[in-house]
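**Q** Here are the chains, one letter per residue:
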Amino acid sequence: MAKSKRKTSTSKSAGVSTKKKRDDTSCAQHSGPGFDDLCDNTLLRILSYTDDLRSLVSLTRCTSKSLRKRFDLKGDKNTPEYSKLYKKFWQGVFADLQMTPLEESDSETQDYIGAINYRLSLFNTLIGHEKRKKAGTNRSYSLPLRQHNFKSFDAPWEYGDDDSDGEEHKIQCQIHLH
Amino acid sequence: MSNPFALMSRGTGQEYVIVDPDLASVDVHSSIMERVQCLHKSTQMKRESAQEADDTVRIADVLRSSMREGVVDDPYQVAHDVLEVNKIMPSQVLLNSYRHSADQQIVKSRDQTLSSESEEGDLERKWEEYFGDNTPFGPHNAPPHEDDIRMVIEGVSVDTYDAMDDDRIVLQEKRIVVCRSIRDQDENYCTEYIEWGDSGCTERIPSKRFELKTILRIPGEVLFEVVSTNGDKLYAALEGNPYNQSDPDKTVYQFSLSPNIEDGQQYYAQPELYFSTYSVVTRIHPIGCNHVLVGTHTGTIELWDCSDKSALSRIRYLHADMDDVNLNGITGFLLGHGKFQNFFFTSQENGPKGVITMWQTPHQSNVLQEADFRIMIRIKYEGFINFASNGHSLMVLAHDRFGSLYLDVYHLPGSRYVLNKFDDVSLPKGVELDLAFIHSRHASDFYTLPDSGASNHLHFANRINIRHRVDIDEYGMAEHFAMDMNDRFIVIEAHDGLVGSNGESKSDGPGLIIIDLDEHAD
Chain A
0 MAKSKRKTST SKSAGVSTKK KRDDTSCAQH SGPGFDDLCD NTLLRILSYT
50 DDLRSLVSLT RCTSKSLRKR FDLKGDKNTP EYSKLYKKFW QGVFADLQMT
100 PLEESDSETQ DYIGAINYRL SLFNTLIGHE KRKKAGTNRS YSLPLRQHNF
150 KSFDAPWEYG DDDSDGEEHK IQCQIHLH
Chain B
0 MSNPFALMSR GTGQEYVIVD PDLASVDVHS SIMERVQCLH KSTQMKRESA
50 QEADDTVRIA DVLRSSMREG VVDDPYQVAH DVLEVNKIMP SQVLLNSYRH
100 SADQQIVKSR DQTLSSESEE GDLERKWEEY FGDNTPFGPH NAPPHEDDIR
150 MVIEGVSVDT YDAMDDDRIV LQEKRIVVCR SIRDQDENYC TEYIEWGDSG
200 CTERIPSKRF ELKTILRIPG EVLFEVVSTN GDKLYAALEG NPYNQSDPDK
250 TVYQFSLSPN IEDGQQYYAQ PELYFSTYSV VTRIHPIGCN HVLVGTHTGT
300 IELWDCSDKS ALSRIRYLHA DMDDVNLNGI TGFLLGHGKF QNFFFTSQEN
350 GPKGVITMWQ TPHQSNVLQE ADFRIMIRIK YEGFINFASN GHSLMVLAHD
400 RFGSLYLDVY HLPGSRYVLN KFDDVSLPKG VELDLAFIHS RHASDFYTLP
450 DSGASNHLHF ANRINIRHRV DIDEYGMAEH FAMDMNDRFI VIEAHDGLVG
500 SNGESKSDGP GLIIIDLDEH AD
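Sequences listed follow chains A and B, in order. Here numbering that gives the first Met the number 0 is used: the first residue of the first sequence is 0, the next is one more, and so on. Here numbering that gives the first Met the number 0 is used: the first residue of the second sequence is 0, the next is one more, and so on.
For the record, the hints were derived by calculation from the structure and aren't laboratory data. Keep in mind it's a predicted model, so treat the numbers as computed, not measured. Be aware that a few hints might be false.
[Stated by the list, open to error] No more than 30 Å apart at the CA atoms, straight line, and that leaves these computed lysine-lysine pairs for DSS-like:
1. K40/B with K133/A
2. K130/A with K45/B
3. K379/B with K130/A
4. K86/A with K173/B
5. K125/B with K212/B
[Claimed, not checked] Partial list, computed: chain A residues near chain B (C-beta under 7 Å):
6. L121
7. N137
8. R138
9. R145
10. Q146
11. S151
Yeah, the Cβ is synthetic: ideal placement off N, Cα and C, and Gly gets one too.
Working from the sequences, and respecting the hints, build out all of it.
**A** This is the structure:
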């Protein structure tokens, strides 16, 4: 996703026109303060007003090289404040997306952007977002057969009769002592 | 707690816990995708050939090393031994046999016969523990009839609870596994809950070992139970009247699940507190730390505050409108996850028909006393089976009149961020989404959060064909299927193996249907 985000942002730059972006860059270089000059707290405060994830990724990754570095996981390891900002910011986004803590299965590094990307791709697969977008329809799309699996139980399982409410099946193991 | 399996992770992990009824054991396994059969033929063939190649290399390695050592082994025996080692083994066995004891010393397989004197003595001790003179079933006049003792493991559940920092970011996730079993002798029933907990999974460092925490025994059968959100209490509605209440059908009991593993303890506990509802209890669910939602057979929902044991209070009384459909009582609860739990779902059923109701408060609040839950959306199904959630989505397992299973996906409200523009996906046949409650009564209060463009209500997102068929009885009803899900896997119980849309069984015997959302997993 990071790649595609980057691509998108260079052309659209989170909804800001190319001309406007050029102006911002020149502004940061020559006259008043730009995003790069803001302290961490102010920057985080501004970003907290954004509720569009795509814009958030674009702002932190594509506005300028130095800004990207401040939010980058692979920054200079001797300057821990970079990783601190990264963690503070992306961990918050991760939590706001109601995602559970990172797991081994998410990615090899403590990469919140990677994990957000991975989990959102799973979510988009579930809802068939890309297929619907591609086909331009509003119908449902099932998952391909290769994503369906069956695991048979090793042990013989017995299912008991319905209980009084008729809604639950018990797995029974009747063991007599002799 | 009738699920025979449960996923351990709410994220993308593959770990799961499962009941093995043959050995009466509860096992933790590290990968749900281990030894699964893919429905896509060429993918399955690829997997099989990769597995065969792997096995061949392993057998060759063993033969080579034995030849180097000058030992000549029978190659067939070597192959057998290697493949035997390669069988699926649990990463941890939580409960090994029906003859477990509190200190987890066990254990005999059921095939073994009692031979030694010590084993017979052990058996006597176990009987004494559950039904002896010092239990609620004693004293006895007659000696024990050990032949009549029977055990049923009814299922397992996994609950996770979070440790958060000041910004309410989850730092640590703790998991508990609770197993419910019933022992009976003659007319005496003992329902036993065994709880194992881990030390907590911090970021990227999952805890793999579970330790025995608590044993709770209740002298009777339990109709419904639920573990509190922080794992230290159990709320239950009981069959019969073991604690001599005036209105047992309408009584909810709270038991402590605090660690209590000590030698010689009986583990039978008195309820910490109990309260009576207006109608017969049909479902219980915890909400917040000390609150509990109780559904009744008249379709009402009561919200109880149990924080003060001396002054329990019913803080809300909600009534689901039932004038349009002749529905039975509340059969299920489902809560939203995340920082704010400002909504929950209930299900009601009438034969194959089911209605899911979304209850929501206009304003996000952590104070449940101030919560003003109102009906926001109702979803009506012609063939309803079960529902589940992974925090982002609501999943409804449904069937059509031919018995084909479908999984309907809905966006849940709550995320602060706008992820995708919500597609206007057409509703499938037999499903009715009733937004009238939003449009009529509370539109000004609800539709959007003041500081967010994110949607604050439910959207239908997709219907997935499970490619499995179930039997429909003469009333148009299907069996109940347990299901669980996390961000990556959807797991559904298949009682009769995998049955295709043409009614032919593709795979015999019970098992699990597993949908892996990772498209690039192979």
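**Q** Hint compliance check: list the failing hint numbers for this structure, sorted ascending.
**A** Going through the list in order, the structure violates no hint and respects every one.
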